[in-house]
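Residue numbers (the numbering used here), protein chains in the order written: chain U, 1 to 318; chain X, 1 to 404; chain W, 1 to 294.
Rather than coming from a laboratory, the hints here were simulated on the basis of the structure. Computed from a predicted structure; not experimentally measured. One thing to keep in mind: the hints can contain errors.
Stated by the list, open to error - Taking lysine-lysine and the DSSO-like style, the derived pairs with C-alpha atoms no more than 30 Å apart in a straight line are:
| id | chain 1 | residue 1 | chain 2 | residue 2 |
| --- | --- | --- | --- | --- |
| 1 | X | 348 | X | 399 |
| 2 | W | 96 | U | 315 |
| 3 | X | 323 | X | 122 |
| 4 | W | 96 | U | 188 |
| 5 | W | 92 | U | 188 |
One-letter residues, chain by chain:
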Amino acid sequence: MQSAALARSARLAWWAGLAVLAAAPFIGLYPIFMMNALCFAIFACAFNLLLGFTGLLSFGHAAYFGAAAYVTGWLVRTAGWSPELGVIAGTVLAGLIGLAVGLIAIRRQGIYFAMITLAMAQMVYFVWLQAPFTGGEDGLQGVPRGTLFGFIPLASDVTLYYVVLAVFVAVFLFIVRVVHSPYGQVLKAIRENEPRAVSLGYDVDRYKLLAFVLSTALAGLAGSMKTLVLGFATLSDAHWSLSGEVVLMALLGGLGTFAGPVLGAFTIIGLQNFLADRVGAWVTVIIGAIFVVCVVAFRRGFVGELLAWQQRRGKQAD
Amino acid sequence: MNLKKIPTACALAAAALFTAATPVQAQISGDVIKIGIITDMAGVYGDIDGMGGVEAIRMAIADMGGAINGKKVEVLYAEHQNKADVAAAKAREWFDTQGLDMLIGGTNSGTALAMAKVASEKKKPFLVVGAASSALTNDQCSPYTVHWAYDTVALAKGTGSAVVKAGGKTWYFLTADYAFGAALQADVSTVVKAAGGTVVGSVKHPLSASDFSSFLLQAQASKAQILGMANAGGDTINTIKAANEFGITKTMKLAGLLVFINDIHSLGLKTTQGMYLTDSWYWNQSAETRAWGRRFFEKFKRMPSSVQAGDYSAALQYLKAVKATNSDDADKVLEQMRKTPINDVFAKGGFIRADGRMVHDMYLMQVKAPEQSNEPWDYYNVVETLKGEAAWTTKADTKCPLWK
Amino acid sequence: MEILGIPLQAFLGQLMLGLVNGSFYAMLSLGLAVIFGLLGIVNFAHGALYMIGAYVAWMSLEYFGLNYWFALVLAPLVVGALGVVIERTLLKRLYKIDPIYGLLLTFGLALIAEGVFRDQFGVSGQQYPVPELLQGATNLGFMVLPNYRAFVVFASLLVCLATWWVIERTRLGSYLRAGTENPALVQAFGVNVPMMVMLTYAAGAGLAALAGVLAAPVIQVTPLMGSNLIIVVFAVVVIGGMGSILGSILTGLVLGIVEGLTKVFYPEASSVVVFVIMAIVLMIRPAGLFGKEA
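Okay, chain U solo, but in the shape it has when bound:
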């Protein structure tokens, strides 16, 4: 009885949220900001697939975001590829780099895994720094938006916004599908008790590697889309501070939930946007403080805490 009512209000709220997103350009929200936030939401969801649902902390996830951002930027600008091919190429490349890193890192567990991914990401970063095509400190500028599939011109912010929104919804649903699938169940088992999963006969490393590659590819997708939106790719997209930020987005929103990373992404991007002009360097301090508070007292994040509160309320009502 409780769950039926809850499920109904859930559905309502779900549609309401989607409606707001769909109407965003017309209710006065700045499309560039929204698109940026959506790209980071994709990034955070991809990251959450790895940490929240598989239990692997990759502390260098920006490497894949940045790699795809650069590759897509270069393909679309210099090689003249159309945007959808550029994005696909970026995504695939990010996945391949993820495969390479994963093969090296997956042997190790927990904290070692995190440090190795961080160091590997740093290596990729320095490659981008040196590679002439990225433009180094200047970044890869002037990436045109082109026409999608040959007939949808993306120059208009509003058109591009709906494309980005569509991609976001697709990624979101994909992740939900993966998590609910039998494969996703095994991932959950690995997260909760890896030795037991091994004893049950699962090739744990293969599962983890696939999750890693999926996560990095989707992170790449986010990076590619971001390049199209903003028209450039720079070193910030591959810097380890971005890796840290995406962890915070997932953590703040709620690890292991679906809405959490989205909420976390919007919050952090919104905060940065809102505060950057007003408080300058204190943005970093605030981000750091949120990290500390989250780890010490708010580990379940917004959505996690909300869920826990609901369950507590549910128990009381019963």
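For chain U, the structure is supplied; the task is to place chains X and W on it using the hints.
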């Protein structure tokens, strides 16, 4: 639908409402003229432009009476942290949501190139004051970019020529690894080779590197006569300090290819005396510049750099053109600016060329010895004036399609 | 004279600089290894503590006129005290849960520290003069070596060896090592384990601060000096074997030298070489060169 979907929706709704606190699509400003400046405030180039630049723009607004034909004038400013993406995103946001009418480019060529693209897309004037790369009026030229103060070609023709003439035939470059350093190294190399010198080698260092020792050792190993420092601001200061520390100055002469008065002030005359540098403006050149310099000094307790004077001039000339055409339409104002000769404290007889270059005199100067200096900030002797077109890219060399 | 096409002067000069860098890597990775080995915390704030140590030195000179030699003692004490506060208020809560939270917490602390100092001091950095006693340079023939850099090498080697000796060869060290393996048992023997843990973190922080003071005259004192270094230090610790004290020291020195040599032959690769080595080491010996299998 399971329980997890409530939070999804609440989350999305809340997030959307939250983001309502963020920038909103605005109408183009009808009543206010907005000038924006995006520059390095706290980083390696912070002193050269920074808040001093903002102050200089305010002085220009004040000198125009604070309002043009009844419309108030406002300054927006932001820090780009020497990151091209931050600069470009901020510029785009200002154009889209704040109704920005004119953008002034601060230091750092990478950011300037990025902002030039945004301004050109939005069809708004972009007056670059702080950045150096000659590409802004060459292969990256645009009808909306005006390069106001100085550029790497002028620096090369000034300092580069002077050092070669004084006997520096073999060069080794220590270059800041981004657009500016590359442009400066390229332009100076051209001048050096044309004057019969040779470039023995070069090494790139990251922007705001902390330790130059290993790069300097490489420079020393090349046995070149001249160490060309294709960097600026804090990087140049640190290079000079490290060069002294490692005894590099005993075997090589240091050529500061872009040096501002703030750098000399930081290092002191003892260390820098005799050094050649090329600049677009010096506060102690004439009665008019002295007066303006002291005005700035009162507010800021520091003498203005040429970039800060350039900020003033760019803002002033823009506002004059807005007044004359009674419009903030970019094309009309730019056309007016191109028609009008520039005569203010920054430049005399200056004009904007078809490629966007603001042509004016440049000055080759030499740093005074400590005993020659009469007061604080009295640091330079003007050795030579590069008049008008002599300092800049020539029509034969340009790749800009706007100037053919 | 030439080695592999490079003049001997350049070669030895870069080697020397590499040794100096290596000393910093060794000191910092030592502190990191101590904290990780004995506490199980990956202290991402290590770079920030190093930076704060340098700033304490700068501030004590700028505001109080206390010279370098005071700073060498003062900075580790101040930062060590800060370490005590951090451990008592924050880290203590995380020992029982997944170690990634320790990493994330210290990451957050690093951001806070960097942001505060960046707001106060800007990014371009403060100059810190070389102490008079160590000024000047010695002409070694193949290069002019500033005396201060030679001092840095000696000082850090001394500190590293002293720390290693305390941990591996003294009774206090044995308590520490035992306390991390089996705290309950050691506590039952009457040793105050929580106090030891707290002091260990403080000592690690102090080590970082000491490195910061040593570094101050060499590179500028900037809020970013820690974050620029910390990831390389992580790589060093991973290569050396997390938890191995001796491993970190040796690896730090060797890697500094390798980096210096790379600058001679292939300068563009110098920033990547440490990570490439890390990838190779991990493929051959996943636990690191001197590490014990986790």
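Taking the hints in turn, this is what the structure says about them:
no.: 1; hint: X/348 with X/399; result: holds, 27 Å
no.: 2; hint: W/96 with U/315; result: holds, 28 Å
no.: 3; hint: X/323 with X/122; result: holds, 22 Å
no.: 4; hint: W/96 with U/188; result: holds, 22 Å
no.: 5; hint: W/92 with U/188; result: holds, 29 Å
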